[in-house]
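**Student:** Sequences listed follow chains Y and S, in order. Per the UniProt record's numbering, the first sequence starts with residue 1, numbered consecutively. Per the UniProt record's numbering, the second sequence starts with residue 1, numbered consecutively.
These aren't lab readings, by the way, just hints derived from the structure by calculation. Some hints here could point you the wrong way.
One copy or two, either will do: identical chains are not told apart, so a pair holds if it fits within one copy or between any two.
As the list claims (entries may be wrong) - DSBU-like mimics (lysine-lysine), calculated; alpha carbons at most 35 angstroms apart, straight line:
{"no.": "1", "residue 1": "K428", "residue 2": "K565"}
{"no.": "2", "residue 1": "K428", "residue 2": "K505"}
{"no.": "3", "residue 1": "K282", "residue 2": "K260"}
{"no.": "4", "residue 1": "K21", "residue 2": "K260"}
{"no.": "5", "residue 1": "K30", "residue 2": "K543"}
{"no.": "6", "residue 1": "K505", "residue 2": "K16"}
{"no.": "7", "residue 1": "K565", "residue 2": "K20"}
{"no.": "8", "residue 1": "K235", "residue 2": "K559"}
{"no.": "9", "residue 1": "K543", "residue 2": "K199"}
{"no.": "10", "residue 1": "K559", "residue 2": "K428"}
{"no.": "11", "residue 1": "K33", "residue 2": "K196"}
{"no.": "12", "residue 1": "K33", "residue 2": "K543"}
{"no.": "13", "residue 1": "K30", "residue 2": "K512"}
{"no.": "14", "residue 1": "K559", "residue 2": "K505"}
Below, each chain spelled out in residue letters.
2 protein chains.
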Amino acid sequence: MTVLDGVYYHDEARIKRRFKKSIKNVCSTKTLKRKLPIIQWIPTYSFGILIQDIIAGITVGLTAIPQGIAYAIIAGLSPEYGLYAGIMGGLVYVFFGSCKDVTVGPTAIMAAMVGKYVRGYSAEFAVLAALLAGIVELLMGILNFGFLVEFISAPVISGFTTAAALQIASSQLKSLFGLDGSSGTFFAESAVSFVKNIKTATLWDPILGFGTILVLVILERVGQGCSLSGATSQKIRWYISLSRNAVVVIIGMLVAFIIKQILDEEPVILIGDISGGLPVPKLPPFSAVVGNETYNFFDMLSSFGPQSLVIPLVAILEAVAIAKAFAGGLQVDANQEMIALGLCNIASSFVSSMPTTGSFTKTALNHASGVQTPAGGIFNSLLIILSLTTLTSTFYYIPKASLAGLIITAMLSMIDYNMFGRLWTHSKRELCVLIATVIICLGIGLEYGIMTGVIFDAAIILYGRARPTLDFYTVKSLKADLIVVPLNYNFSYCAAEHVRNILLKAALNASKDCFIIIDGTNLLNIDTTVASHLMSVSHNIDKRACPVLFLNFDEPLKKMCIAIKPVFAEKFITTVQISDVVDVYMKNI
Amino acid sequence: MTVLDGVYYHDEARIKRRFKKSIKNVCSTKTLKRKLPIIQWIPTYSFGILIQDIIAGITVGLTAIPQGIAYAIIAGLSPEYGLYAGIMGGLVYVFFGSCKDVTVGPTAIMAAMVGKYVRGYSAEFAVLAALLAGIVELLMGILNFGFLVEFISAPVISGFTTAAALQIASSQLKSLFGLDGSSGTFFAESAVSFVKNIKTATLWDPILGFGTILVLVILERVGQGCSLSGATSQKIRWYISLSRNAVVVIIGMLVAFIIKQILDEEPVILIGDISGGLPVPKLPPFSAVVGNETYNFFDMLSSFGPQSLVIPLVAILEAVAIAKAFAGGLQVDANQEMIALGLCNIASSFVSSMPTTGSFTKTALNHASGVQTPAGGIFNSLLIILSLTTLTSTFYYIPKASLAGLIITAMLSMIDYNMFGRLWTHSKRELCVLIATVIICLGIGLEYGIMTGVIFDAAIILYGRARPTLDFYTVKSLKADLIVVPLNYNFSYCAAEHVRNILLKAALNASKDCFIIIDGTNLLNIDTTVASHLMSVSHNIDKRACPVLFLNFDEPLKKMCIAIKPVFAEKFITTVQISDVVDVYMKNI
Numbered sequence: 001m002t003v004l005d006g007v008y009y010h011d012e013a014r015i016k017r018r019f020k021k022s023i024k025n026v027c028s029t030k031t032l033k034r035k036l037p038i039i040q041w042i043p044t045y046s047f048g049i050l051i052q053d054i055i056a057g058i059t060v061g062l063t064a065i066p067q068g069i070a071y072a073i074i075a076g077l078s079p080e081y082g083l084y085a086g087i088m089g090g091l092v093y094v095f096f097g098s099c100k101d102v103t104v105g106p107t108a109i110m111a112a113m114v115g116k117y118v119r120g121y122s123a124e125f126a127v128l129a130a131l132l133a134g135i136v137e138l139l140m141g142i143l144n145f146g147f148l149v150e151f152i153s154a155p156v157i158s159g160f161t162t163a164a165a166l167q168i169a170s171s172q173l174k175s176l177f178g179l180d181g182s183s184g185t186f187f188a189e190s191a192v193s194f195v196k197n198i199k200t201a202t203l204w205d206p207i208l209g210f211g212t213i214l215v216l217v218i219l220e221r222v223g224q225g226c227s228l229s230g231a232t233s234q235k236i237r238w239y240i241s242l243s244r245n246a247v248v249v250i251i252g253m254l255v256a257f258i259i260k261q262i263l264d265e266e267p268v269i270l271i272g273d274i275s276g277g278l279p280v281p282k283l284p285p286f287s288a289v290v291g292n293e294t295y296n297f298f299d300m301l302s303s304f305g306p307q308s309l310v311i312p313l314v315a316i317l318e319a320v321a322i323a324k325a326f327a328g329g330l331q332v333d334a335n336q337e338m339i340a341l342g343l344c345n346i347a348s349s350f351v352s353s354m355p356t357t358g359s360f361t362k363t364a365l366n367h368a369s370g371v372q373t374p375a376g377g378i379f380n381s382l383l384i385i386l387s388l389t390t391l392t393s394t395f396y397y398i399p400k401a402s403l404a405g406l407i408i409t410a411m412l413s414m415i416d417y418n419m420f421g422r423l424w425t426h427s428k429r430e431l432c433v434l435i436a437t438v439i440i441c442l443g444i445g446l447e448y449g450i451m452t453g454v455i456f457d458a459a460i461i462l463y464g465r466a467r468p469t470l471d472f473y474t475v476k477s478l479k480a481d482l483i484v485v486p487l488n489y490n491f492s493y494c495a496a497e498h499v500r501n502i503l504l505k506a507a508l509n510a511s512k513d514c515f516i517i518i519d520g521t522n523l524l525n526i527d528t529t530v531a532s533h534l535m536s537v538s539h540n541i542d543k544r545a546c547p548v549l550f551l552n553f554d555e556p557l558k559k560m561c562i563a564i565k566p567v568f569a570e571k572f573i574t575t576v577q578i579s580d581v582v583d584v585y586m587k588n589i
Numbered sequence: 001m002t003v004l005d006g007v008y009y010h011d012e013a014r015i016k017r018r019f020k021k022s023i024k025n026v027c028s029t030k031t032l033k034r035k036l037p038i039i040q041w042i043p044t045y046s047f048g049i050l051i052q053d054i055i056a057g058i059t060v061g062l063t064a065i066p067q068g069i070a071y072a073i074i075a076g077l078s079p080e081y082g083l084y085a086g087i088m089g090g091l092v093y094v095f096f097g098s099c100k101d102v103t104v105g106p107t108a109i110m111a112a113m114v115g116k117y118v119r120g121y122s123a124e125f126a127v128l129a130a131l132l133a134g135i136v137e138l139l140m141g142i143l144n145f146g147f148l149v150e151f152i153s154a155p156v157i158s159g160f161t162t163a164a165a166l167q168i169a170s171s172q173l174k175s176l177f178g179l180d181g182s183s184g185t186f187f188a189e190s191a192v193s194f195v196k197n198i199k200t201a202t203l204w205d206p207i208l209g210f211g212t213i214l215v216l217v218i219l220e221r222v223g224q225g226c227s228l229s230g231a232t233s234q235k236i237r238w239y240i241s242l243s244r245n246a247v248v249v250i251i252g253m254l255v256a257f258i259i260k261q262i263l264d265e266e267p268v269i270l271i272g273d274i275s276g277g278l279p280v281p282k283l284p285p286f287s288a289v290v291g292n293e294t295y296n297f298f299d300m301l302s303s304f305g306p307q308s309l310v311i312p313l314v315a316i317l318e319a320v321a322i323a324k325a326f327a328g329g330l331q332v333d334a335n336q337e338m339i340a341l342g343l344c345n346i347a348s349s350f351v352s353s354m355p356t357t358g359s360f361t362k363t364a365l366n367h368a369s370g371v372q373t374p375a376g377g378i379f380n381s382l383l384i385i386l387s388l389t390t391l392t393s394t395f396y397y398i399p400k401a402s403l404a405g406l407i408i409t410a411m412l413s414m415i416d417y418n419m420f421g422r423l424w425t426h427s428k429r430e431l432c433v434l435i436a437t438v439i440i441c442l443g444i445g446l447e448y449g450i451m452t453g454v455i456f457d458a459a460i461i462l463y464g465r466a467r468p469t470l471d472f473y474t475v476k477s478l479k480a481d482l483i484v485v486p487l488n489y490n491f492s493y494c495a496a497e498h499v500r501n502i503l504l505k506a507a508l509n510a511s512k513d514c515f516i517i518i519d520g521t522n523l524l525n526i527d528t529t530v531a532s533h534l535m536s537v538s539h540n541i542d543k544r545a546c547p548v549l550f551l552n553f554d555e556p557l558k559k560m561c562i563a564i565k566p567v568f569a570e571k572f573i574t575t576v577q578i579s580d581v582v583d584v585y586m587k588n589i
């Protein structure tokens with residue numbers, strides 16, 4: 001009933017039990033149901049559910065199409081890659097996904113993380129990144145490595161998201177104002193490029209861009225308080241609000257199209273030709289040509305470097321966090337979600353997709369649209385396929401400023417502004433972690449920022465373990481003064497030095513006829529490092545200052561200590577012996 | 001009086017207090033005495049002490065000379081570098097060192113770590129490594145970063161030492177058997193090279209080498225039980241035993257010299273010409289020529305890479321560990337030791353020395369020889385200077401096999417064989433850490449091995465913090481069943497998921513007329529991550545399963561939670577309120 005971290009006693013028995021359990025688990029129908037969740041819900045699937053799934057799927061699709069195009073642009077890819085990325089997610093997740101609301105597709109953060117490789121090398125790197133991320137996610141899911149994301153704290157996630165949002169939003173300033181020059185890969189680069197090129201701003205791009213932002217904000221407000229179950233006017237308001245991303249893009253597109261037809265001019269920058277048609281299924285690219293150089297598979301791998309592990313980790317983080325947010329208090333099988341996500345990405349990499357993960361916007365939309373099973377994703381995918389086969393020539397007219405407005409609005413709503421105030425009031429230490437994460441993310445790179453945050457947090461825990469609260473007190477008895485140093489719970493190697501220093505401090509307070517009692521009554525565990533420090537410092541104190549006794553040490557701990565210093569065997573005593581032992585010592589003085 | 005790790009409440013007050021204290025400390029004579037320990041002992045220095053220091057210094061010097069030559073060979077340097085490395089340590093440490101026994105000089109581990117750079121590039125890299133290590137050590141000492149070495153546990157140190165000893169010993173097999181081919185930089189390389197070239201073994205080298213080992217073992221035994229305070233015969237035995245390193249090398253040298261004079265033959269491989277004379281004091285090398293390429297300072301720095309931080313860290317580890325071992329129960333000012341070591345290395349780099357640190361053998365010898373103050377080091381340095389000016393032509397005759405025997409004997413005695421057995425019996429988990437460290441050290445490199453061990457240990461602590469023991473129990477009361485989940489002490493972000501799962505498990509056991517009581521009576525601290533998980537899971541349970549109440553949360557923790565979920569304000573209750581609150585809920589059902 002108590003909270004005792006790091007108790008290792010029963011480790012072996014536990015490992016054996018787990019092993020037995022996992023062997024048994026592998027071959028049960030329960031496992032099959034868990035690993036292929038479609039088996040759970042398909043038997044009760046009905047026409048009513050189908051209709052609800054279709055409505056939700058189409059609603060999500062209306063946002064997924066403009067978002068897909070926008071995210072491809074963030075990644076520096078041509079727009080069709082974003083649409084390709086929306087296809088396989090829904091089709092694969094329906095079989096393996098355990099959470100009905102989750103929608104797997106391209107996300108802004110994935111796009112920003114892969115953008116570095118696309119701009120530095122070529123589009124093939126994005127597709128290979130999807131395959132690699134998928135394999136890592138799948139493996140981590142199979143090996144139950146999902147717990148790793150627990151080591152990313154809320155402030156680090158918040159800092160990472162804030163930085164990603166700022167970076168992505170800043171990269172859209174170019175399109176929003178219709179500027180010349182580069183959009184920049186980093187926040188600083190984008191900001192500098194923006195300031196440098198601000199004079200090249202056109203008139204109509206910013207008007208359309210800020211108009212888009214305004215319409216999005218208004219449409220969001222329009223839907224507040226409305227729901228599917230309200231009156232017809234409420235229903236319409238709700239639906240328009242939900243599909244506001246599609247609405248603003250369609251408006252922008254219409255404006256551009258009409259101006260083109262009437263004036264034969266293109267006053268705003270358009271995304272231009274998108275290669276239409278479905279992606280040709282083919283093996284993911286295992287080589288790439290960049291400039292004059294050919295990169296083979298291993299060259300590509302080494303270009304990614306170990307940082308590429310951060311892409312699947314962030315993908316898992318997003319997907320699992322979203323699954324939990326929408327699980328409504330049910331347990332989420334994080335490992336199954338990772339397996340599903342991994343398979344989605346692997347399948348996606350065969351249709352030239354960028355890496356995908358659970359998308360918060362689309363999942364929320366899916367939930368709000370009343371989806372009943374993961375089958376909703378199929379209809380989302382079908383809508384994207386439809387748009388790829390029939391609408392790409394229409395997409396020519398999508399103004400970049402509309403997409404920029406859409407992305408910026410989405411990004412600014414991703415930042416958790418409350419977190420800053422809350423941490424300022426309640427935990428400045430955590431605020432430091434958050435700010436450090438933001439700064440490193442923006443200054444050096446998103447991967448480095450999240451790693452810095454994780455290391456920072458871990459260092460705080462380790463430092464806490466290295467400096468446990470520990471003190472001594474004096475008990476005056478008739479026979480002699482006893483300086484008692486109570487060791488409670490457990491001590492890890494990094495606390496060894498601290499324990500040593502406290503004992504030396506206690507010894508400074510001791511006179512020749514004192515006893516130092518190291519009280520292990522509440523001690524649960526120490527490791528070799530602590531045990532050997534304890535023995536060596538006790539030896540020194542015993543020789544120079546006063547006798548040291550070890551009280552009520554558990555049998556295994558006692559044995560461990562005696563193995564280090566056999567002559568101390570008689571110094572380990574229990575409460576009943578203490579009086580006798582003190583007597584013997586006092587006679588010898 | 002209790003052991004509570006990671007309690008952050010009083011952090012700010014503590015930081016302020018510390019800051020005040022350190023400002024005050026900087027400008028006191030006590031500080032001066034601490035930073036320049038010579039001031040403490042020089043006033044009471046006497047002729048008697050001088051004699052004892054001279055005896056000890058010369059005794060240490062007799063070992064320092066052959067060891068210096070041997071360690072230079074381990075580093076792949078020409079022998080004089082090892083002697084140069086012995087000069088400045090003693091002269092600088094006398095001013096800044098706080099522990100009378102410590103002897104700073106070249107060590108086998110430092111030599112092995114720097115050897116990689118010497119063999120890959122040039123000797124200049126070793127000297128620059130000394131400067132860089134010195135600067136890092138000095139900075140870490142000034143910034144009080146000494147606590148970092150506390151995060152290297154005893155099993156990791158033991159694993160590292162074992163691997164270093166095996167690697168160094170294996171690299172000497174070539175000289176021991178008088179083989180052709182390379183001696184190898186890694187353990188595997190040395191072993192393979194040994195097996196490949198074993199057929200080229202000569203007759204006399206192994207005889208001399210194994211003879212040396214035998215004599216060393218015998219001479220060590222001879223000295224056992226003897227001391228300086230015994231009878232004359234005991235004194236002689238003791239002294240011969242102490243200077244056994246010099247004895248075997250002198251024997252080898254004599255044998256080689258006599259054979260040369262009589263038969264004009266060199267049946268064993270000799271170390272050959274050593275450039276005599278003192279090193280010319282000059283700036284450390286800020287550029288180096290390797291083959292046809294010139295490396296400027298930054299090229300050299302980037303050749304070292306971030307792993308070069310491991311050299312000063314290991315140096316600090318050795319020096320501080322030795323200082324503690326010989327401090328005899330007194331507090332060791334680790335930061336002062338680091339400053340002294342840093343200055344020794346910086347000074348050494350001006351006389352073409354390889355990196356130095358506290359040497360266990362020489363320190364033990366110094367202690368056993370009855371040194372009284374750090375001034376003993378001066379006489380050790382003087383003896384080395386004397387040998388450089390007058391004896392280098394004699395050193396020509398030192399057989400490599402003698403040095404190999406000396407090194408192998410020293411290395412095999414460095415391994416803590418007991419540690420393996422002790423950990424096998426008492427802590428298999430720690431044994432795994434030790435073995436992992438050894439394997440990575442031998443297979444990939446010493447730096448990587450120690451880093452792996454540190455990360456492994458840290459991961460165990462973090463995992464412990466992520467899975468605190470936590471459970472729930474049911475209290476049946478007249479009014480309703482209460483499922484109590486006691487949160488004790490403190491929880492870090494990584495435990496958030498675990499807390500959430502336990503609460504969900506508790507909720508599964510609940511019926512509609514149950515209450516889940518999250519008992520914070522003994523809760524000291526949670527962070528934002530835990531608080532927000534707690535709020536979100538409680539919200540879900542409250543909505544779907546049964547009411548959740550928060551009992552006896554501290555005011556700051558309560559405020560933190562309510563900031564996340566304001567509607568929960570009324571759910572935070574104290575023990576006296578519990579009955580009333582339950583009544584109100586029961587009426588509403």
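**Student:** Next step is simple, just say for each hint if it's right about the structure.
**Tutor:** Now for the hints, and whether the structure bears them out:
1. With identical chains, the CA atoms of K428 and K565 are at most 35 angstroms apart between copies only, with a shortest distance of 20 angstroms across copies and 45 angstroms within one.
2. Proximity of K428 and K505 under a CA criterion of 35 angstroms is satisfied in both settings, with 32 angstroms inside one chain copy and 33 angstroms between copies.
3. Neither within a single protomer nor between protomers do K282 and K260 lie at most 35 angstroms apart by alpha-carbon distance, with minima of 38 angstroms and 77 angstroms respectively.
4. In this assembly of identical chains, K21 and K260 lie within 35 angstroms of each other by CA distance neither inside one copy nor across copies; the values are 68 angstroms within and 74 angstroms between.
5. In this assembly of identical chains, K30 and K543 lie within 35 angstroms of each other by CA distance solely across copies; the values are 28 angstroms between and 64 angstroms within a copy.
6. Proximity of K505 to K16 under the C-alpha cut-off of 35 angstroms is restricted to the inter-copy arrangement: shortest distance 23 angstroms between copies versus 44 angstroms within a copy.
7. Proximity of K565 to K20 under the C-alpha cut-off of 35 angstroms is found in neither arrangement, the shortest distances being 39 angstroms within a copy and 42 angstroms between copies.
8. For the identical chains of this complex, K235 and K559 are neighbours neither inside a copy (74 angstroms) nor across copies (39 angstroms), given an alpha-carbon limit of 35 angstroms.
9. With identical chains, the CA atoms of K543 and K199 are never at most 35 angstroms apart, being 81 angstroms at best within one copy and 55 angstroms at best between copies.
10. In this assembly of identical chains, K559 and K428 lie within 35 angstroms of each other by CA distance solely across copies; the values are 15 angstroms between and 44 angstroms within a copy.
11. In the homo-oligomer, the alpha carbons of K33 and K196 never lie at most 35 angstroms apart, since the shortest distance is 58 angstroms inside one protomer and 57 angstroms across protomers.
12. Taking the shortest alpha-carbon separations for K33 and K543, only the inter-copy value of 27 angstroms comes in at or below 35 angstroms, while the best intra-copy value is 67 angstroms.
13. In this assembly of identical chains, K30 and K512 lie within 35 angstroms of each other by CA distance solely across copies; the values are 27 angstroms between and 69 angstroms within a copy.
14. Taking the shortest alpha-carbon separations for K559 and K505, only the intra-copy value of 26 angstroms comes in at or below 35 angstroms, while the best inter-copy value is 38 angstroms.
Hint check: violations occur at hints 3, 4, 7, 8, 9 and 11; the rest are consistent with the structure.
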